[in-house]
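Peer 1: Residue numbers (the working numbering), protein chains in the order written: chain S, 109 to 833; chain W, 26 to 541.
What the hints contain is simulated information worked out from the structure, not anything from laboratory work.
Beta carbons are placed, not taken as given, at the ideal position from N, Cα and C, and that holds for glycine.
Accuracy of the hints is not assured; some may be wrong.
For lysine-lysine, the following DSBU-like pairs were computed, each having C-alpha atoms within a straight-line distance of at most 30 Å [what the hints assert, rightly or not]:
#, chain 1, residue 1, chain 2, residue 2
1, S, Lys229, W, Lys127
2, W, Lys342, S, Lys566
3, S, Lys435, S, Lys195
4, W, Lys447, S, Lys229
5, W, Lys435, S, Lys763
6, S, Lys435, W, Lys496
7, W, Lys496, W, Lys437
8, W, Lys127, W, Lys60
9, W, Lys54, S, Lys247
10, S, Lys633, S, Lys618
11, S, Lys820, S, Lys698
12, S, Lys435, W, Lys435
13, W, Lys226, S, Lys483
14, S, Lys435, W, Lys166
15, S, Lys435, W, Lys112
16, S, Lys483, W, Lys166
17, S, Lys633, S, Lys763
18, W, Lys158, W, Lys282
The following label-pair restraints were derived from C-beta to C-beta distances [what the hints assert, rightly or not]:
#, chain 1, residue 1, chain 2, residue 2, range
19, S, Pro485, W, Gln152, 51 to 59 Å
20, S, Ile143, W, Ala304, 16 to 24 Å
21, W, Gly64, S, Ser139, 52 to 60 Å
22, W, Gly64, S, Ile143, 43 to 51 Å
23, S, Asp527, W, Lys342, 55 to 63 Å
The primary structure of each chain is shown beneath.
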Amino acid sequence: MKTKMSLFLLVLTASAATFTALSQAAAQAASWQQIPIPSLPAFKPQQPKRIELANGMVIFLQEDHELPLIDGTARIRGGSVNEPASKVGLVDIYGEVWRTGGTKTQTGDQLDDLLEVRAAKVETGGGPDSTTISFSCLKGDLDDVFKAFTDVLQNPEFRAEKIDIAQKELFDGISRRNDDVAEIAQRESVKLAYGANNPYARNAEYATVAAVTRQDLIDWHGKYVHPNNIILGVSGDFDSAAMEARLRAAFDSWPKGAAAPRKNEVKYSPAPPGNYLVPKDDVNQSTIHMVGLGTTRDNPDYYAINVFNEAFGGGFSSRLFNDIRTKRGLAYAVGGGIGTNFGHPGILQVSIGTKSQSTIEAIRAATEDIDNLSKQPITDDEIQRAKDAILNAFIFRLDSPDKILAERMTYEYYGYPPDWLDKYQAEVKKVTAADVSRVAAKYMHRDQMAVLVVGNTKEFDNPLSSLGPVKNIDITIPPPPAEKEQGEHRGEESGKPAASNPAGQALAAKVAAAMGGLPKLKSIKAIHVNISESDSGGPPSPIDVFLAFPDRMRVELQMPQGNLTIVVSPDAAFMSMAGMGSRSMPPAQKTEMLSQLQHDLIYIAQHSDDPTFTFTAAGTEKISDVDAAVLDIDGAVPWVRWYIDPKTGYVLREKYKGVGQAGPFEGETNLADWRSADGLTIPYNHQNKQNGQETSHAELKKFELNPQLDPKLFAKPAETPAVKQ
Amino acid sequence: MKHHTLKTALVMLLLSAIALGQDVASFEKRITVKKLPNGLTLMICERPESPVFSFFTLVDAGSAQDPLRATGLAHMFEHMAFKGTDKIGTTDYAAEKPALEKVEVAYAAYIAERDKTVGRDEAKLTQLEKAWKDAIAEADKYVVPNAFGKLVEQNGGEDMNASTSYDETEYHYSLPVNRLELWAYLESERFLHPVLREFYKERNVVIEERRMRTDSSPFGRLLEQFTEEAFAAHPYHRPTIGWISDLNTFSATEAQKFFDTYYVPSNMVVAVAGDVTAAQAMPILEKYFGRLPTRPQPDETTTTEPPQNSERKVVLKDRSQPIYIEGYHRPDYRSKDDAVFDAITDLMSEGRTSRLYRALVRDKQIASFSEGITGYPGVKYPHLFAFLAVPLPGHTPQQMADAIHAEIDKLKKEDITDDELKMIKTRSKANLIRGLADNEGLATQLATYQTRYGDWRELFRSVDRIDQVTKADIRRIANEVFVDTNRTVGEIETSGGGEPASGEPSNHAADQGGAQ
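One chain only, chain S, in its complex shape:
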C-alpha cells in the first residue's frame, strides 16, 4: 500500500491551514489553564565538530547513530547571482549536468546504476548564492558512494548529451511559466521588490539558456570548485575520528584555488510604489502580492522584526489571518511580514488569494491592517503571544542533529557567529512593545509598496485603477532566437568545443576504416542509390538519389500521383511534379537539403582527416546492448552526432537537427544491416525518427559508385513541365 507523494496527491489533498495569524485576551476560564506544564528537561543539543583543512576546506562532522545512514552535503561558493546576464540558466544547467554528465571515468548513467542498486544518492544542484553536491547512503555502502561523491566533485565531464537534456528541461519550464497564476505572481513580485534585472530576480530565457555551452560549465567548475570555497557537512552513523581520517585522505592534498568573493555586490532597485497588473482571464481567483524590500538577518532589528512578523502575519494568531481569512472570509491563503535572508535582503510582503469579485476589497482590507499598525499598535498581549510562539517552538530548530548541522553550515557560509541561534533566543526574549512599534513604523508602509495583482480583470469588484494609476506588466515570453541564428550556432548550442579532440579523431578514423578505408572513400565522387522507403502505414515507394559531392543532389520519388523530383545544386534548387511544372525551393529548404547531403555517412567519412571538420568524442551511451561511443561532428558541416559500435566501427545511430514542414525537429536515424559491396561497407537499413516519433523506414535496394551523371540532371528544366522518366 503505497501512496507516493507526487504532483497528483499534492493537488488532491486539501488542507486546513496554510500559513500563517490576531490575538485576544484568553477570556475563557477553562480547564486547560489548570493543566500543569512542567519545565522542559535540560537539553544540550550536540554541536558538530568543526575541522578546517590547511587548504581552507571547512568540514563539520555530526554523529547520529539512530539509523544506519550517512549523509553529506558540500556547499560551494558561487551561484546564479554570479552568472552573466546573457547566460541566465547557466547555474541551473551546471547544477544538473554536474551529476548527470558523469565523470572522466564513468558516465552519469553508469553512476545511476551504481547508486540506485544501493538505494543511494549523489546529487548536485545550483542555487542563487551557492551550488551543492550531496550524498546519502546506507552506512555499509560508504566506501563506494563516497568514491562516487568525490569523483563527481573533482572530475566532472559535463557530457554534451546531458547538457541537451538540461537545456530542454529549462526550455520546457520557460514555456510553462505563465500557466500557473501563483508562479506568475511569485516571479513578478520578486522583480518588483528587487528590480527586474537584479540577479536574484531575473529569469532564464530561451536565448540565455541556449547560449550556455559545455565550456561554460567546465569554466564555472574550474573557477569555483576549490577546497577553500567549500563547506562540507557529514552526518550519520559513523565514528568522527574515522570519518575525519577518510576526509583528510580524500581532500588534504587538494590544492587551494582562487577564492570566490564572500559577499556579492548586488544592486537593488525596487519598483516605484503603485499598482501593477497582470491580466489572466482563465482564473476566478486573484493573486495579490503587496511588496517592498526587506532586510538581512544581521540587521539589529531582526529580532523585533521576527516578533512583529509572528503577530502581524505569521499564523493562526496573526492579525492578517484573523482579519482577512477568519473575520472577512476573503481568502484561504493570506500572510505576510518583513522578509529577511542571511545573505541578501528578503522581501517585505503581504499576499492574498481572493475571488476575482473581492480583489479590490481584499487590497483595501490589507491596507487597513497595515495602516492600523500605527493607529492600534500591536499590544503587549499580542507581543507576548508572538514571543511565546517563537520561544516555545525554538526547540524545533535544533531537535535533530541534521538541523543543527544545517544551521551551523549556514552561519559558516554567511559569516554569522557559530552561536547565532543562542543569541537569537536571548534577543527575542528582550524584544519590547516599543521595539515592535519601531520596526513596524520603520519598514511597513502601505504607500511605499508595489501592489501586484494577477487576475481576471473583467470579474473584479472594481477596476484596479480605482486605487490609483495602474501599470500593466507584459509577461509575454520572448521567443527563442531566430532559426537562422540557431543554425549558425548549432555547434555551440549542443555544447561542443570548437576543436576536435584526439579521441574524436580516432573514432572518425575508425569509422572510415570500417567503411572501407580512407583511400577508397576519397575515390568516391558521386553515388546513386535506389531506396525503398515507407512512412507510417503507407506502401513502400521507390526513390532514386543521386549525390555528387559536395553540393549537388537529385532525388526522384515515384508516387501514385506521378513522379516528384527534387534538385539542389549551387545553381538551382527546385521541385517538379509530373504534369505540374517546377517550383523553386525556399532558401530554408535548400539549406536543409544541403545539410542532409553533408550529413551523408560517406561524405563525412571522406573527411575524417579534414581539419575543417571537428570530431569530438563525448563519452558513451547505451544503444540496445552496445555501449556506443558518442562522436559529435561539427565545423564545416552542420552538427551531427554519431553513436559508434566500438567493436565494429559501424555507426549505429545518427542524431541531427532538421527543419520540416512542422518546424524544427530533432532528427534521428538508426542504421543497421551493414553490407559490403565494391570495397565499401554501408548500412542498408535506415530507420528515421523526428522528435522521437518514427517517421519512415528505408531499405537500400541498389547501390552504384561513381555513376556517370549527366550535368543536366542538376539543371533546372527550361519550360517542360515534367522531368525525367
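Given the structure of chain S, go ahead and fit chain W onto it with the hints provided.
Peer 2: Below, chain W alone, put in the same frame as chain S:
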C-alpha cells in the same frame, strides 16, 4: 555478464545488512498500542532523541463518505475542527449555543426558498438571507477568533495542519514534550465538544481554496475532470474539495451530522512519537481520550466501481501547455497483488534508472518528467494505477501516450531483469528506514498502518511482501491491468483561447512559449 553477478552479490550483502538493523523486533520494544473501551486506538512510539513529540490523529473517513449533494463536507468539517470547543473560542457558550441554533434555522429557511424550482419569492428570499446574516452577526458576538490555533501556537506548536483525502482525514502538529498533557486535553476536547462556529465564513475560505487548487490551476482542472471520468459509480469520481453548488449549499447541521456519524472512537487512531515513555504517557492519553463516548461503527460500504469495458478520454482545451495522464483500474490495497503494484511504481518511476525517465526523458527526449504511480486517488477502495508525462515543447500528448504504451508493452512481453528486481527490493527496504528518521514520519506511518491493517507491524511486513514479488507477477499484472479497455486518458491540449474580454491590454501569456 560478469558485472551482473557481482551486482547481485552486492545486493544480497546489502539486504542482510539492513535486515539486521531495522526489523519489527527492535520496534516492538518501543511501540505500545492500546485499544480503549470506547474503541479508540492509542499508539505510543518512544523516540528519546530530543524533548519534543509529534502526533497524528487519523479518522478513517474522508470525502468518499461525503453525502450526496454535500461533496466537500468531510473537508469542511476538518476546517471546523480548528474552530474550538464549548470552552475554547467562546466568551459565553451558554449564550452562543442558542445563537448558533438560530443561524441554522434561518439558513434552512433561506435555502428552502432559494432552491425552490417553482414559485420562488425574491422579496422573501432577500428577507430570509438578511435574517440568516443577522443571526450570524449575533452568534459572532461570542466568538474568540482562532482561540484553538492560538493556544497551540503559543505553546510552541509546530507544523500544525490537517488534511482530508478521499479515504481519511488527519490532524497533526508537534509540541515540546512538557506540553503532552495539554495536547491530550486539546486533541480530545476538539472531538469531544466541537463547536461549529463561524461555519459560513469558513465555507467561503474553503471556496477560495477550491478556486486556488482547482479552478485557477490548469493541472487542477484536468485532474478533476480526469478523476470524474475514470470513476462512474464509486464516490472517487467526486472532488474532495467539493462541487461549487454543494459548497454553496451544505449547512453546519449537516457537518455536525457527518461528525456524529464518522468521528467515532472506533474509527480513530491517535499515534504519538517522541521523547515520551509509554509508562508515563499512556495513562494521560487514556484519561483524556477515554472521555469520548462510544458510538456505533458507521456503515462505510459504497457502490463498487464496475469493470470498465471501453476506453474513456477527457481533453481539456486550455491556454496552458500540454500534460498527459492515463489511469487503469486496479483492486484496493488489500489485494494480494498490492506489492506488485508497488514494485511496478518503483520500477517505472524511482530515480534516473527508472524506465519512464530513461525512455521519455533521457532517450527519446520528448518529456521533462514522467512517472507511474499507484494509489490514485486513494487506496481504500478499488482505484487507479496512473501514468503521467509532461511533454517538452514541440511534443504532443499522443507522443507521451505512445511512449508510455511502449514501456507498458515491454512490461507485458519481457521479464524485468534480475538487477531491476533486486533494485526494487533494496530500495523498498532503504525507503522504509529513511521514513523512520523523524517523529512526524513515524507517527504518520504507524497510525496509517494500524488503521489500514489493524496492525502497525504491516509497515515492516510490506517490505517482506515486496520481497516476494516475482518477475512473473509483474508480467501478469501488466497484462491483466494495463489494457486499453481499462484505460482513462486525460490531457491538456493547448489552445489559443480568445482575447481577454476585459478592456485592458492582453499579455497573450499562455499563447507564447514553445521552444520552437
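Peer 1: For each hint, tell me whether it holds in the structure or not.
Peer 2: Okay, the hints, checked on the actual structure:
{"no.": "1", "hint": "S:Lys229 with W:Lys127", "result": "violated, 60 Å"}
{"no.": "2", "hint": "W:Lys342 with S:Lys566", "result": "holds, 21 Å"}
{"no.": "3", "hint": "S:Lys435 with S:Lys195", "result": "violated, 48 Å"}
{"no.": "4", "hint": "W:Lys447 with S:Lys229", "result": "holds, 17 Å"}
{"no.": "5", "hint": "W:Lys435 with S:Lys763", "result": "holds, 25 Å"}
{"no.": "6", "hint": "S:Lys435 with W:Lys496", "result": "violated, 58 Å"}
{"no.": "7", "hint": "W:Lys496 with W:Lys437", "result": "holds, 10 Å"}
{"no.": "8", "hint": "W:Lys127 with W:Lys60", "result": "violated, 39 Å"}
{"no.": "9", "hint": "W:Lys54 with S:Lys247", "result": "holds, 24 Å"}
{"no.": "10", "hint": "S:Lys633 with S:Lys618", "result": "holds, 21 Å"}
{"no.": "11", "hint": "S:Lys820 with S:Lys698", "result": "holds, 19 Å"}
{"no.": "12", "hint": "S:Lys435 with W:Lys435", "result": "violated, 57 Å"}
{"no.": "13", "hint": "W:Lys226 with S:Lys483", "result": "holds, 27 Å"}
{"no.": "14", "hint": "S:Lys435 with W:Lys166", "result": "holds, 12 Å"}
{"no.": "15", "hint": "S:Lys435 with W:Lys112", "result": "holds, 20 Å"}
{"no.": "16", "hint": "S:Lys483 with W:Lys166", "result": "holds, 23 Å"}
{"no.": "17", "hint": "S:Lys633 with S:Lys763", "result": "holds, 25 Å"}
{"no.": "18", "hint": "W:Lys158 with W:Lys282", "result": "holds, 22 Å"}
{"no.": "19", "hint": "S:Pro485 with W:Gln152: 51 to 59 Å", "result": "violated, 42 Å"}
{"no.": "20", "hint": "S:Ile143 with W:Ala304: 16 to 24 Å", "result": "holds, 20 Å"}
{"no.": "21", "hint": "W:Gly64 with S:Ser139: 52 to 60 Å", "result": "violated, 24 Å"}
{"no.": "22", "hint": "W:Gly64 with S:Ile143: 43 to 51 Å", "result": "violated, 25 Å"}
{"no.": "23", "hint": "S:Asp527 with W:Lys342: 55 to 63 Å", "result": "holds, 59 Å"}
Checked against the numbered hints above, the structure breaks hints 1, 3, 6, 8, 12, 19, 21 and 22 and satisfies the rest.
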